[in-house]
Amino acid sequence: QVHLVESGGGLGQPGGSLRLSCAASGSIFSIYKMGWYRQAPGKQRELVALITRGGMTNYADSVKGRFIITRDNAKNTVYLEMNSLKSKDTAVYYCAAGAAGRVLGDYWGQGTQVTVSS
Numbered sequence: 001q002v003h004l005v006e007s008g009g010g011l012g013q014p015g016g017s018l019r020l021s022c023a024a025s026g027s028i029f030s031i032y033k034m035g036w037y038r039q040a041p042g043k044q045r046e047l048v049a050l051i052t053r054g055g056m057t058n059y060a061d062s063v064k065g066r067f068i069i070t071r072d073n074a075k076n077t078v079y080l081e082m083n084s085l086k087s088k089d090t091a092v093y094y095c096a097a098g099a100a101g102r103v104l105g106d107y108w109g110q111g112t113q114v115t116v117s118s
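Just so you know, the working numbering puts 58 at position 58 of the sequence shown, and the rest follows in order with no gaps.
There could be a bad hint or two in this list.
Claimed, not checked - In silico lysine to aspartate or glutamate, DMTMM-like type, Cα no more than 20 Å apart, as pairs:
#1 K43 with D72
#2 K75 with E6
#3 K75 with E46
#4 K88 with D106
#5 K86 with D106
#6 K88 with D72
#7 K64 with D106
#8 K64 with E46
Stated by the list, open to error - Now the in silico label distances, taken between C-beta atoms and shown as ranges:
#9 S118 with S25: 13 to 23 Å
#10 Q1 with S117: 29 to 39 Å
#11 Q110 with A74: 22 to 32 Å
FYI, nobody ran anything at the bench for these hints, they're computed from the structure. Built from N, CA and C at the ideal position, the CB exists for glycine as well.
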């Protein structure tokens with residue numbers, strides 16, 4: 001079993017920045033990739049970004065050039081640096097982790113609210 005604990009988020013201003021962190025514990029040897037999904041009110045959950053153990057990344061088109069995902073394998077932690085925030089980035093952000101060859105989502109964090117507003 002893998003336990004994911006998120007931190008960060010909160011209120012950000014349009015054009016500003018926020019950073020999310022997600023620390024993994026437990027059977028971390030099984031984790032190949034980690035990443036973030038988000039779900040806005042009335043919308044489906046969408047994949048924002050993911051990163052593999054080797055550092056390969058993938059981003060949703062809506063955040064390319066603005067968000068950066070990084071991973072510290074020694075700390076079993078993944079970070080999401082969110083820059084040039086927009087109101088449409090407002091959502092609950094969920095950390096997820098998974099094994100190789102599977103859709104990201106074997107394990108989930110509890111979610112953290114990100115609100116972008118002036």
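How the hints compare with the structure:
1. K43 with D72: violated (31 Å)
2. K75 with E6: holds (14 Å)
3. K75 with E46: violated (26 Å)
4. K88 with D106: Answer violated: K88 to D106 is near 27 Å, above 20 Å.
5. K86 with D106: Status violated; Cα separation ~29 Å.
6. K88 with D72: Judged against 20 Å, a Cα distance of about 28 Å means the pair is violated.
7. K64 with D106: With Cα atoms ~24 Å apart, K64 and D106 exceed 20 Å; violated.
8. K64 with E46: holds (14 Å)
9. S118 with S25: 13 to 23 Å: violated (37 Å)
10. Q1 with S117: 29 to 39 Å: Holds, since Q1 and S117 (Cβ atoms, about 37 Å apart) stay within the stated range.
11. Q110 with A74: 22 to 32 Å: holds (24 Å)
Violated hints for the displayed structure, listed by number in ascending order: 1, 3, 4, 5, 6, 7 and 9.
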